[in-house]
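> In order, the protein sequence lines correspond to chains A and B.
Going by this note's numbering, the first residue of the first sequence is number 1, and it counts up by one from there.
Going by this note's numbering, the first residue of the second sequence is number 1, and it counts up by one from there.
None of these hints come from the bench; they were simulated from the model.
A portion of the hints provided could be inaccurate.
[What the hints assert, rightly or not] Looking from chain A toward chain B, a few residues come up when the C-beta cut is under 8 angstroms (computed): (1) Thr-62; (2) Glu-149; (3) Ala-150; (4) Pro-151; (5) Tyr-154; (6) Thr-155; (7) Pro-182; (8) Pro-209; (9) Asp-238; (10) Glu-245; (11) Ser-406; (12) Ser-410; (13) Ala-418; (14) Ala-419; (15) Gln-420.
[As the list claims (entries may be wrong)] Covered stretches of chain A (chain B as the covering partner; in silico rule of three or more C-beta atoms under 8 angstroms from a C-beta of chain B): (16) 42-54; (17) 246-256; (18) 275-287.
Built from N, CA and C at the ideal position, the CB exists for glycine as well.
Take a look at the letters that make up each chain.
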Amino acid sequence: MRRKRSVSLLSLLLILAMCLTACSSNGGSGTADGEDGGYDDTITIDLDSEISNFDPAYLSGTSTSRVACFMMDHLCYMDHDGNIIPRIAESWAANEDATVWTFHLREDVKWHDGTPLVAADVKYNFDRIIDPEVAALRASDMACIESVEAPDDYTVVFNLNTPVAAFITKCLLINPGLLAQPAALEEYGDSYSDHVVGTGPYKLVEWVPGEKVVMEANPDFYLGEPATKYVEFRLIPDSMTALIELEQGNLDFLFNIPSSELAVFDSNEDIRLERARDFGVSWMFLNVAMEPCNDINVRKAIAHAIDYETIYETILVDYGVPADSYLPDHNWAYTPDTVQYTYDPDLARELLAEAGWTDTDGDGLVDKNGETMKLEIGCTSREADNRMLEAAQNYLRQVGIDVSMSLLESAAFNDRLAAQDFQAYVLTISQDSPEPALLIDFAYTSYAGYNKFGYNNPEVDELVLQANSSADQEVRKELYIQIQKLIKEDYVSLPFYSKYSQVGVSSKVEGFTHSAAIFNLEQVKVKK
Amino acid sequence: MLNYVIKRLLVSVFVVLGVTVVIFSLVHLSPGDPVRMMAGIDASDEDVEALRDKLGMNDPLIVQYFRYLNDLVHLDLGQSIISNKNIADEIFTRFRNTAELAVMGMLVSAVFGILIGTIAAVNRNRWLDKTLMSLSITGISVPSFLLALLLILFFVSKLSLLPASGRSGSPFTAEGFRYIILPALTLGISGMASVARLTRSSVVSVLNEEFVMTLKAKGLQRKLILFKHVLRNASLPILTMIGIDFGYLLGGAVVTETIFAWPGIGKYAMDAINNNDFPAVQGSVLILSMMFMLINLVVDLLYGVLDPRVSLE
Numbered sequence: 001m002r003r004k005r006s007v008s009l010l011s012l013l014l015i016l017a018m019c020l021t022a023c024s025s026n027g028g029s030g031t032a033d034g035e036d037g038g039y040d041d042t043i044t045i046d047l048d049s050e051i052s053n054f055d056p057a058y059l060s061g062t063s064t065s066r067v068a069c070f071m072m073d074h075l076c077y078m079d080h081d082g083n084i085i086p087r088i089a090e091s092w093a094a095n096e097d098a099t100v101w102t103f104h105l106r107e108d109v110k111w112h113d114g115t116p117l118v119a120a121d122v123k124y125n126f127d128r129i130i131d132p133e134v135a136a137l138r139a140s141d142m143a144c145i146e147s148v149e150a151p152d153d154y155t156v157v158f159n160l161n162t163p164v165a166a167f168i169t170k171c172l173l174i175n176p177g178l179l180a181q182p183a184a185l186e187e188y189g190d191s192y193s194d195h196v197v198g199t200g201p202y203k204l205v206e207w208v209p210g211e212k213v214v215m216e217a218n219p220d221f222y223l224g225e226p227a228t229k230y231v232e233f234r235l236i237p238d239s240m241t242a243l244i245e246l247e248q249g250n251l252d253f254l255f256n257i258p259s260s261e262l263a264v265f266d267s268n269e270d271i272r273l274e275r276a277r278d279f280g281v282s283w284m285f286l287n288v289a290m291e292p293c294n295d296i297n298v299r300k301a302i303a304h305a306i307d308y309e310t311i312y313e314t315i316l317v318d319y320g321v322p323a324d325s326y327l328p329d330h331n332w333a334y335t336p337d338t339v340q341y342t343y344d345p346d347l348a349r350e351l352l353a354e355a356g357w358t359d360t361d362g363d364g365l366v367d368k369n370g371e372t373m374k375l376e377i378g379c380t381s382r383e384a385d386n387r388m389l390e391a392a393q394n395y396l397r398q399v400g401i402d403v404s405m406s407l408l409e410s411a412a413f414n415d416r417l418a419a420q421d422f423q424a425y426v427l428t429i430s431q432d433s434p435e436p437a438l439l440i441d442f443a444y445t446s447y448a449g450y451n452k453f454g455y456n457n458p459e460v461d462e463l464v465l466q467a468n469s470s471a472d473q474e475v476r477k478e479l480y481i482q483i484q485k486l487i488k489e490d491y492v493s494l495p496f497y498s499k500y501s502q503v504g505v506s507s508k509v510e511g512f513t514h515s516a517a518i519f520n521l522e523q524v525k526v527k528k
Numbered sequence: 001m002l003n004y005v006i007k008r009l010l011v012s013v014f015v016v017l018g019v020t021v022v023i024f025s026l027v028h029l030s031p032g033d034p035v036r037m038m039a040g041i042d043a044s045d046e047d048v049e050a051l052r053d054k055l056g057m058n059d060p061l062i063v064q065y066f067r068y069l070n071d072l073v074h075l076d077l078g079q080s081i082i083s084n085k086n087i088a089d090e091i092f093t094r095f096r097n098t099a100e101l102a103v104m105g106m107l108v109s110a111v112f113g114i115l116i117g118t119i120a121a122v123n124r125n126r127w128l129d130k131t132l133m134s135l136s137i138t139g140i141s142v143p144s145f146l147l148a149l150l151l152i153l154f155f156v157s158k159l160s161l162l163p164a165s166g167r168s169g170s171p172f173t174a175e176g177f178r179y180i181i182l183p184a185l186t187l188g189i190s191g192m193a194s195v196a197r198l199t200r201s202s203v204v205s206v207l208n209e210e211f212v213m214t215l216k217a218k219g220l221q222r223k224l225i226l227f228k229h230v231l232r233n234a235s236l237p238i239l240t241m242i243g244i245d246f247g248y249l250l251g252g253a254v255v256t257e258t259i260f261a262w263p264g265i266g267k268y269a270m271d272a273i274n275n276n277d278f279p280a281v282q283g284s285v286l287i288l289s290m291m292f293m294l295i296n297l298v299v300d301l302l303y304g305v306l307d308p309r310v311s312l313e
């Protein structure tokens with residue numbers, strides 16, 4: 001009996017060992033069939049969060065949008081520098097005041113099921129997004145579209161109810177501007193996400209929720225079949241695990257890089273870090289509709305109390321480059337010629353005193369009418385923002401402002417932001433396009449979606465309207481320079497840095513160019 | 001026994017009803033608007049309102065609750081607000097994955113825990129006992145995220161023996177089995193440590209009982225006394241602990257599932273909570289509480305089987 005038991009235990013261990021060794025040789029990604037010329041047939045990319053929905057009307061989140069753009073196209077495309085280039089639309093023109101936009105479509109574009117794409121399909125997509133019944137997520141971004149016409153099979157005309165010079169970037173290149181086949185949308189309804197039919201370089205093979213999205217090259221893609229047959233997005237929520245998978249060669253691209261582990265890329269020859277400039281900026285907004293930031297002297301004091309340079313050098317250097325305006329310095333409309341928020345704590349104290357805030361009770365904190373100045377700053381859990389805010393909190397404390405940080409998970413943060421309930425908050429906006437309207441119009445006009453800090457400067461609104469009405473880039477640049485100066489003089493938001501767009505890449509990857517504007521794998525091959 | 005089971009199942013209906021009230025209130029009272037989460041900060045209030053209307057989220061809470069209850073009676077857990085996917089299907093798949101992991105984790109903790117505990121008890125107060133018990137204290141104390149990373153570091157980075165993350169089909173295939181080893185070890189090791197400690201104390205106390213002396217006096221073999229009589233008598237608290245542990249494991253170990261990218265229900269419920277995806281949160285918590293009740297029932301029934309003195313009436 002005893003012998004029998006030890007024999008069975010031994011055999012169990014043996015089986016375990018055999019399984020381990022038998023399978024351990026099978027490392028690396030990709031399937032065996034279909035490989036050619038020393039190249040793998042699959043590109044594997046990490047996903048840090050679950051796919052939300054592939055229906056353009058309800059698609060949200062960076063990860064989902066990255067995956068969706070492989071299967072569905074916008075009318076136009078951006079090149080690596082953020083310039084708009086033809087895609088489905090081979091040419092376009094706007095009338096003089098940018099209220100009528102006419103697009104001429106390629107005639108060789110086919111949906112994944114082989115049927116040709118015609119102008120009526122494009123019209124269907126945009127009509128659907130602006131239909132209140134559909135309640136599309138970003139319908140209000142397309143509120144400027146009055147009607148869409150399809151005069152012939154390859155011409156689409158957008159009639160706008162207001163001039164929009166940046167129509168393509170503001171309305172067409174956003175998630176709801178992705179084109180889905182009308183027949184598929186109608187046939188599959190709520191389950192369209194499992195049956196995506198687009199015109200993009202890859203077709204959906206399967207979406208296994210919680211695990212992966214697998215796509216196969218579209219042989220009929222109008223710009224030529226992609227170089228690699230399959231693309232697989234693997235959901236790996238933990239950034240450390242994902243990094244190890246990249247090191248092990250099980251991932252070819254890694255977006256969710258743990259910021260504390262950047263040094264790994266210097267020491268490991270099998271992987272490299274590709275860094276590009278993003279067009280967004282990280283700001284601290286001061287709520288002008290609430291005490292104490294409704295007083296411009298308090299806002300000025302806050303702006304001058306913080307040592308941006310030291311914060312950048314000690315904390316932000318791995319995350320991006322310093323910013324001193326509302327556009328990053330590589331944007332075509334950027335100007336360095338604005339009021340500079342220099343670090344001057346004495347000036348900050350004077351400004352606070354001018355506003356009536358002094359330290360009367362000697363506790364190191366300024367007070368007015370017996371009340372200490374308290375400033376609650378909201379923030380999400382972005383590591384760079386947290387560390388930056390901790391440093392800023394320290395500087396503000398030195399001039400006597402009692403700062404409390406409210407680190408909230410995104411749902412709670414968004415709720416309070418929507419209620420305009422923070423005295424101040426930090427927001428880092430990612431932006432893939434150099435179009436200034438996407439940052440300025442969306443955050444600093446009185447009606448902007450990101451304007452949750454009560455800012456209302458009619459002059460800014462007027463200049464934005466003018467910039468929207470002109471198709472001349474030089475004229476627009478001048479206007480946006482004026483706008484930047486105006487906002488900066490109002491001391492409503494403090495620019496901290498413009499972040500990098502980073503991706504970890506396996507050294508086996510060939511033919512890849514990284515940019516914040518697009519993530520294009522049509523020419524990418526992965527060596528075995 | 002049948003009466004007992006029926007009685008317990010009837011009581012469970014009321015417990016489930018209670019769970020629906022609690023979970024419905026909790027998700028609706030917690031801050032965070034799912035539509036706002038989907039739409040993004042910069043979405044206009046009109047867009048958000050329009051979608052809330054479409055999803056019926058502007059109806060009074062009581063109306064929403066009864067609509068939910070009505071769907072539930074028809075075995076419909078609803079659709080995810082975020083992905084439009086059928087929640088019952090989603091939960092079923094994730095639950096199967098979690099169950100695989102829980103069973104493997106439980107096997108590790110039960111088999112090795114009982115083995116180590118028994119060895120320690122038999123050698124009580126000797127160096128082997130002390131070493132094993134110190135190790136098990138370490139096992140209980142190491143947080144699972146650290147243990148997971150250490151395992152990955154050793155088996156993946158150093159030895160390149162096992163994959164670091166993901167699930168590759170059924171764990172009953174060789175390839176699938178490789179993927180489940182590390183997460184199952186992570187889950188199993190801390191459970192194993194507690195089972196070992198409990199087994200030791202339980203076995204030690206049974207070894208001191210008089211009937212063991214009688215058995216020895218009768219001249220029964222030591223191993224036979226240990227396995228047939230002592231372990232069986234010591235098994236009730238161990239079984240309770242394994243049962244409760246198993247219940248927790250079925251609830252999905254969020255940390256382990258996240259680190260190993262294991263598509264289980266814990267991660268699903270956590271994502272649903274983060275996105276305020278009400279129907280998905282309600283659905284997963286409901287299923288999990290039902291599983292917990294079921295396991296408790298099974299454990300209670302097993303008491304009766306293992307120890308005839310336990311009466312289930």
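> Quick one: which hint numbers does this structure break? Sort them smallest to largest.
Violated hints: 1, 2, 3, 4, 5, 6, 7, 11, 14, 15, 18; rest satisfied.
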